[in-house]
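Asker: Residue-level listing of the chains:
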Amino acid sequence: MVGPLRNIQIDDVVPSLMKAMTQDAINLFEGSAGQEGPSQFTDEVAARETLGTSGTVASGRMSLTFAIEMLRRYFGSDVFNHSGVVDLRFLRPVRPGDTITFTGKVSDMSKEANGSRVTVDIQAQNQNGDTTGVGKGSAIVPNAYLPQEE
Amino acid sequence: MPGTDNKIPLDWDALEVGETFDKFQYVLTQEMIDGYRKGVMDPDASFPTIAHKVDVRQYNAKYSDDGSVNARCAFHCYNPPIAGKKLTVTAWIADKYLRRGKNYIVTEAVSVDEDGRLIDRVITHELKQPSEVGKKWGG
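From first to last, the protein sequence lines are chains A and B. Residues are numbered in the working numbering as their position in the first sequence, beginning at 1, plus a constant of 12. Residues are numbered in the working numbering as their position in the second sequence, beginning at 1, plus a constant of 3.
Since no wrong hints were added, every one of them can be taken at face value.
No more than 27 angstroms apart at the CA atoms, straight line, and that leaves these computed lysine-lysine pairs for DSS-like: (1) A/148 with B/131; (2) B/99 with A/148; (3) B/105 with B/138; (4) B/105 with A/148; (5) B/26 with B/65; (6) A/148 with A/117; (7) B/65 with B/89; (8) B/139 with A/148; (9) B/131 with B/105; (10) B/88 with B/26; (11) B/99 with B/65; (12) A/148 with B/41; (13) B/99 with B/26; (14) B/89 with B/26; (15) B/89 with B/41.
Quick list of the computed label-pair ranges, beta carbon to beta carbon: (16) A/48 with B/105: 25 to 35 angstroms; (17) A/90 with B/88: 16 to 26 angstroms; (18) A/90 with B/87: 20 to 30 angstroms; (19) B/11 with A/57: 24 to 34 angstroms; (20) B/140 with A/19: 36 to 46 angstroms.
These are computed hints drawn from the structure, not numbers from a lab. Ideal Cβ positions, reconstructed from N, Cα and C, are used throughout, including at glycine.
Next up, chain B with everything else stripped away, as it sits in the complex (with noise of 0.2 angstroms):
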């Protein structure tokens, strides 16, 4: 049942590995790349898609949580996105698992612009109870 903002509370349980997201559409400009080339400090970096998170982008717009935690993050490189150019993002539920009593979910995304190249790849491993890094590492 969506909550107030329309998001669905997050079942993990229910959650079906498989689930493929809506696509999600974005044109990426020079002004993001200049910015994420500035914030990671390499005038050079090819790749500003990482900074967008977009294997999470649409599982976060359609269910509600508490928060979560990037515990593993694998990144594939097959073009660099060009600016000016749309992007379109396919993403799914790759996985989910419980280790140590916790809940993870596994998020996978493609990304391809508007010419048909493909980008990149990315493939995220998140941990569904945030509040373990402030037990585990203290303030």
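With the rest of the complex left out, here is chain A (with noise of 0.2 angstroms):
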């Protein structure tokens, strides 16, 4: 899974993830914790008495979960299932009906005990170009799978 980093520099663009926002999905991410009860992600009252808002928006837990997506399939599952982070904050609500699109630049690597720690500059903007979220991502790579030093 991690043969592709052997080349990873920095300044290297992460291949991008596009999600499709639906009240289903998340729905669907609420109730697979047993979160079945009203709330301002699934009911529109509860959203309107709570964030004062018109509809449901999506938990910001979603959009992590979009952005470790996108590394996982970046640094491979071997990798980041292992070590990987991701650190998002959310600037505006993603409700359904939107697309979001998450991308992510190479910006650092540094020396830890068992490799090098590759750090992600990560964006999601919705389909009108707003930014919903930034923040960082990271994994630990082995020393093996990156460019030897000279």
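Using the hints, put the two standalone chains together into the complex.
Answerer: Rendered as structure tokens:
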């Protein structure tokens, strides 16, 4: 899974990930953890009363999950599922009907005991070009999968 | 003083950073994993624990407040959880801060499975004035 990382470099662009948000997807996400009652994520009345919005919003944790997916695909699950981190700030609500595109760019590489931590700057934008989230993600890539030092 | 539902109304000023909640345990079922994967449209999604919001679960069980909005969230992957295993979650108040007149609470949680495998760590910054979302972003 990590073979392609042999050529990883600063400023490398991570393949983007696009997600079309639906209320069904939000309901499945919330329901998967047994959160069945009305909430700002699943019920318009609850959203209006709690957030003051006219409709539901998606949990920020869904965006977090999508950013994790983008990086897992980039680093490979063998690497990312055991050393991956994503830290995301949520700047705008994501709503049903939105299409969110996650993009990333390698911004840093630093030595660690068992490899190098490769850091990626992450951005999420909706279909209008509005930024819905920004942050960073990283994973510790074994040295064998990185370019050899000269 | 507990409210009618035995929860304690949040007093943000009095909330102590470092307060650790009672451990929370649950069994992660294959059904939970399948529902999560459908919801996030990723058949290989490995950390369905994200949807369980375990870092705020025990806070929400103890305190009542006006709700919250997730302002920032960090997730550390250690080992994907396995269906059928019991997970034990330890959660605590990691920080609190005031920014632009708004109150935030930072919760942190670590999940470990019944075999002692470290699963994940989640750190969440919640804005405790959720109506700010509607004020800023409207309907």
